[in-house]
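So the sequence lines, in the order shown, correspond to chains A, B and C.
Anchor point for the first sequence: position 170 equals 169 in numbering that gives the first Met the number 0, and the numbering is continuous, going up by one each time.
Anchor point for the second sequence: position 184 equals 183 in numbering that gives the first Met the number 0, and the numbering is continuous, going up by one each time.
Anchor point for the third sequence: position 110 equals 109 in numbering that gives the first Met the number 0, and the numbering is continuous, going up by one each time.
Since the hints were made in silico from the structure, they are not lab data.
Only a predicted model underlies this, so the values are computations on that prediction, with no experimental measurement involved.
Wrong hints could be hidden among the right ones.
Stated by the list, open to error - Covered by chain B, according to a simulated footprint, are these stretches of chain C (three or more residues, beta-carbon under 8 angstroms):
hint, region
1, 207–220
2, 258–271
What the hints assert, rightly or not - Simulated restraints on C-beta separations:
hint, chain 1, residue 1, chain 2, residue 2, range
3, A, V36, C, G247, 24 to 30 angstroms
4, A, L247, B, V46, 46 to 52 angstroms
5, C, A56, B, Q157, 53 to 59 angstroms
Every residue gets a Cβ at the ideal spot worked out from N, C-alpha and C, and that includes glycine.
The primary structure of each chain is shown beneath.
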Amino acid sequence: MRTSPPTSWAARVGRFSFRVYCALVLLFLAAPVVIVVPLAFSSADFLRFPPPSYSLRWFNNFFSRRDWMEAAANSFKIGFLTAGLATVLGTAAAYGLVRGRSKRKEALYAFFISPMIVPNIVFALALYYLFSRLRMVGNMWSLVLGHTVLALPPVIIVLSASLQSVDYALEQAAMIHGARRLRAFFEVTLPLILPGMVTAALFAFLVSFDDLLIALFLSGSRAVTLPKRMWDGVRLEIDPTVAAVALLVMLLPTVILVMAALLRKRAMGRGGEKATP
Amino acid sequence: MTVKGELAAHPTNREGHRERARPRRKRWSLETLILVPILAYLAVFYVYPLARILLLSVYGPRLTFDHFLRMVTVPVYTQVLMRSFRIALLVTVLSLVLGYPVAYLLSNLKPRQVALLMPVILVPFTISVLVRSYAWMAILGREGLVNTLLLGWLGLTQQPLEILYNEFGVLLGMVHILLPFFILPAYSVMIRIDRDLLKAAYIMGATPARGFLEVFLPLSLPGIIGGGLLVFIQALGFFVTPALLGGPQDTMISMLIELQISQLLNWGFAAALSSVLLIATLGGFMLLTRIVRVSILWGEAR
Amino acid sequence: MRRRIGWWSSGATLGALALVAMLSMPALAQKGEVVIVTYGGTAADALREAHWKPFTAETGIVVREETPPTPAKVKAMVESGNVVWDIVEMDLNWIISLQKAGNYLEKIPVNQLPPKYVAALDREAINEYGIGAFYWAWVMAYRTDVFKAGNRPKSWADFWDVKRFPGPRTLQDSPGSNMEFALLAAGKKSDGLYPLDPDQAFKKLDEIRPSIKKYWDTGALAPQLLADKEVFLGSVYSGRIKHLQDQGIPVEIEWNQGLLNLDYWTIVKGAKNFNNAIKLIGYMLDPARQAKFAKLIPYGPVNKEALPLISPEVARQLPSYAENKKRMILYNSEWWGPHREELNERWQQWKLKTK
Chain A
0 MRTSPPTSWA ARVGRFSFRV YCALVLLFLA APVVIVVPLA FSSADFLRFP PPSYSLRWFN
60 NFFSRRDWME AAANSFKIGF LTAGLATVLG TAAAYGLVRG RSKRKEALYA FFISPMIVPN
120 IVFALALYYL FSRLRMVGNM WSLVLGHTVL ALPPVIIVLS ASLQSVDYAL EQAAMIHGAR
180 RLRAFFEVTL PLILPGMVTA ALFAFLVSFD DLLIALFLSG SRAVTLPKRM WDGVRLEIDP
240 TVAAVALLVM LLPTVILVMA ALLRKRAMGR GGEKATP
Chain B
0 MTVKGELAAH PTNREGHRER ARPRRKRWSL ETLILVPILA YLAVFYVYPL ARILLLSVYG
60 PRLTFDHFLR MVTVPVYTQV LMRSFRIALL VTVLSLVLGY PVAYLLSNLK PRQVALLMPV
120 ILVPFTISVL VRSYAWMAIL GREGLVNTLL LGWLGLTQQP LEILYNEFGV LLGMVHILLP
180 FFILPAYSVM IRIDRDLLKA AYIMGATPAR GFLEVFLPLS LPGIIGGGLL VFIQALGFFV
240 TPALLGGPQD TMISMLIELQ ISQLLNWGFA AALSSVLLIA TLGGFMLLTR IVRVSILWGE
300 AR
Chain C
0 MRRRIGWWSS GATLGALALV AMLSMPALAQ KGEVVIVTYG GTAADALREA HWKPFTAETG
60 IVVREETPPT PAKVKAMVES GNVVWDIVEM DLNWIISLQK AGNYLEKIPV NQLPPKYVAA
120 LDREAINEYG IGAFYWAWVM AYRTDVFKAG NRPKSWADFW DVKRFPGPRT LQDSPGSNME
180 FALLAAGKKS DGLYPLDPDQ AFKKLDEIRP SIKKYWDTGA LAPQLLADKE VFLGSVYSGR
240 IKHLQDQGIP VEIEWNQGLL NLDYWTIVKG AKNFNNAIKL IGYMLDPARQ AKFAKLIPYG
300 PVNKEALPLI SPEVARQLPS YAENKKRMIL YNSEWWGPHR EELNERWQQW KLKTK
């Protein structure tokens with residue numbers, strides 16, 4: 000697809016070194032992810048590299064200790080609740096944005112996305128102030144409510160894209176046929192954006208699952224999340240259990256990305272059948 | 000429709016003209032009303048807490064500017080602020096240098112090839128910052144990957160390199176995490192650039208270099224600025240990476256804020272620092288929205 | 000309309016996640032719980048093994064652990080009415096500092112503790128607002144593969160001597176202990192140490208600042224840095240080094256000029272599980288369990304009856320062991336209590352300076 004200006008030897012060298020440069024950058028991006036693997040299976044008590052030998056002992060430690068397992072359970076619970084809440088709120092918001100005729104669409108969109116930009120530490124601090132006055136620090140729900148705010152941006156981004164790909168004419172067609180607004184939405188549009196909603200929910204889950212700062216301030220012994228436990232683990236423990244957990248935690252978004260990609264494929268496959276109910 | 004919904008839907012009718020709440024033709028459509036839940040939610044759990052913190056920076060028991068004064072009069076605090084801006088700037092420049100070529104390469108590839116390479120950028124992107132920073136600790140430590148390679152296997156150095164617990168480590172870690180934030184917007188903009196324009200330039204006799212500099216580069220500018228701003232405003236507020244990878248001289252604003260609360264319980268000062276960070280970030284973001292339509296950054300077709 | 004397989008499977012995945020979440024919810028304890036806050040790491044491991052696990056087994060009360068304890072958090076909690084901690088491990092100067100600033104700790108009802116344990120406690124282990132936990136010490140630790148026999152640092156003056164003992168160092172992220180070390184390095188005698196002279200101490204600290212690679216803020220960080228060889232010497236909590244030595248890592252501690260201290264179990268004012276907290280504190284005073292704890296991590300027991308239960312090899316590693324104790328200095332919490340806050344502030348600022 001590139002136009003082809005004359006290729007001199009110099010140009011070829013230039014292009015080659017350019018590609019090498021890019022390859023190095025991509026390697027730079029991928030490397031840290033890879034290094035966690037040998038560490039997690041290391042038998043040593045410390046972050047020794049290369050590991051003296053391999054063992055599953057840190058995975059064993061993770062699965063057998065109540066504090067790690069509780070943290071993991073909490074993270075799943077909170078993540079699931081956040082995903083639910085954020086998806087519901089976000090779908091409504093995306094619908095309002097995409098279908099709305101407001102002149103302020105860009106401004107609203109920017110506002111809804113802004114939690115992604117606001118420094119997490121400031122937001123975490125603000126929430127800590129709010130929830131400690133509400134006596135909700137250490138309560139799981141304070142984390143859900145806080146995480147939802149952070150999860151709304153990706154949800155809205157995904158759903159806006161999803162809604163835009165659904166032709167409004169379909170809903171209008173349903174309404175012409177006598178369906179009321181809400182019914183048209185639930186029976187026509189919703190099924191079509193369902194893959195988008197699920198993708199959005201998955202990303203919302205990830206945002207909540209990975210959050211550290213809000214958890215740092217708001218978690219109590221009852222609501223310790225996995226990142227908070229890992230943070231403590233990095234600073235308070237010497238053994239590489241954290242590496243084992245990190246590896247497991249890394250698998251999660253990978254799985255989610257794959258699922259999201261599969262969903263997108265199905266949606267695209269369906270895109271050609273947009274006109275047929 | 001609840002009372003709150005009615006009131007939200009008809010804000011101008013507070014003078015008592017509520018009979019207009021039931022017009023023959025609905026003035027406020029479903030599309031607008033449906034925004035109420037999220038607006039209400041964000042108002043309570045987002046805007047209000049942040050506003051409260053902003054207020055706290057000047058209003059403790061009484062109105063006071065002491066906390067802000069402290070930031071500029073105590074040298075170490077001013078240094079922390081300056082350092083945060085400097086590091087954020089460095090990270091942005093490095094992301095640009097590393098990210099622009101990659102974005103350019105990606106924008107020129109066929110979709111199949113892009114589909115292969117995108118995961119390399121996206122997968123680390125989705126892994127939590129904590130995990131990635133932790134991985135960097137293992138890579139940069141004295142007995143970590145880099146030093147083991149250089150010292151033990153390749154024998155290129157005599158002493159282990161000091162690349163952890165200093166600014167180098169922090170920069171490396173931050174660039175690694177923020178690079179996708181540059182690449183993706185830059186890429187979004189670049190794929191929209193009409194290659195025919197380049198073709199025209201070549202036809203008219205331009206060299207590849209000139210074609211790039213005078214046609215492509217200016218057109219990709221929104222992507223550069225957008226991506227760059229995005230990286231910068233996030234780098235300002237970074238916590239985890241500098242906390243794990245940095246030494247005592249690499250304290251950034253976010254770490255200072257955390258310290259004020261967890262160690263010293265200085266709410267007022269913490270709020271003042273937060274306000275500075277917040278305003279700088281939001282200011283940068285508003286600038287961003289002026290230059291680039293935010294929706295473009297995520298590849299929306301509008 | 001035909002159902003699409005795509006979103007079914009994704010929905011199923013979400014459902015599966017939810018199921019995992021529900022299933023992994025731990026069964027709620029019948030008898031309640033108690034939240035205890037310590038310094039984590041190997042010390043918490045030892046406490047868990049020696050005290051908390053058997054406590055839960057015997058009483059059914061779940062022990063929830065948190066770290067680290069900070070007086071600022073205690074204050075914030077009590078002031079906002081949102082108290083989530085019950086027992087907090089802290090030393091005397093924090094107790095004094097907190098109670099001077101307000102009323103943040105509960106009085107310990109000593110009559111509710113098992114009397115035969117209380118009778119055998121060291122005198123200083125009983126405080127109005129705290130019961131002794133264990134004796135520990137700040138000491139200097141160093142790598143023996145860097146500083147070989149014959150050239151080992153023996154005092155804080157040696158620690159400050161970057162010519163004879165070059166290399167990166169670590170110190171605690173707190174003025175407490177560091178100011179004492181600085182003054183000792185400057186030539187102050189052990190008995191003339193208190194009251195501390197902050198100006199002289201900070202001036203001496205300026206000398207060593209360039210060599211401090213990282214400050215440790217958790218008990219595990221200092222041994223970690225030593226183990227990774229990121230630093231060659233540093234101050235540490237005395238008991239944390241045994242774990243490294245057991246792994247074969249060449250690190251030694253020096254008792255000379257160490258600072259001996261005693262940590263207390265305190266109860267936060269308004270603690271939700273006050274009764275369970277008293278139960279647990281009483282439980283931890285048992286001599287046999289204290290002996291077991293000392294074996295797991297070399298910290299001194301407060302119950303005199305634990306001493307005969309401790310083997311000689313373990314006894315030798317304890318800070319309260321006579322030989323070790325006499326080379327150390329007693330940390331003066333009484334002095335620190337009133338000065339804590341302002342020196343904390345000063346320390347934070349000092350740390351940020353670049354020259």
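Hints versus structure:
1. 207–220: Coverage by chain B holds here, the residue count being 4 at a Cβ distance below 8 angstroms.
2. 258–271: violated (count 0)
3. A:V36 with C:G247: 24 to 30 angstroms: About 25 angstroms separates the Cβ atoms of V36 (chain A) and G247 (chain C), which means 24 to 30 angstroms holds.
4. A:L247 with B:V46: 46 to 52 angstroms: At roughly 36 angstroms between Cβ atoms, V46 (chain B) and L247 (chain A) fall outside 46 to 52 angstroms, so the hint is violated.
5. C:A56 with B:Q157: 53 to 59 angstroms: 55 angstroms, holds
Checked against the numbered hints above, the structure breaks hints 2 and 4 and satisfies the rest.
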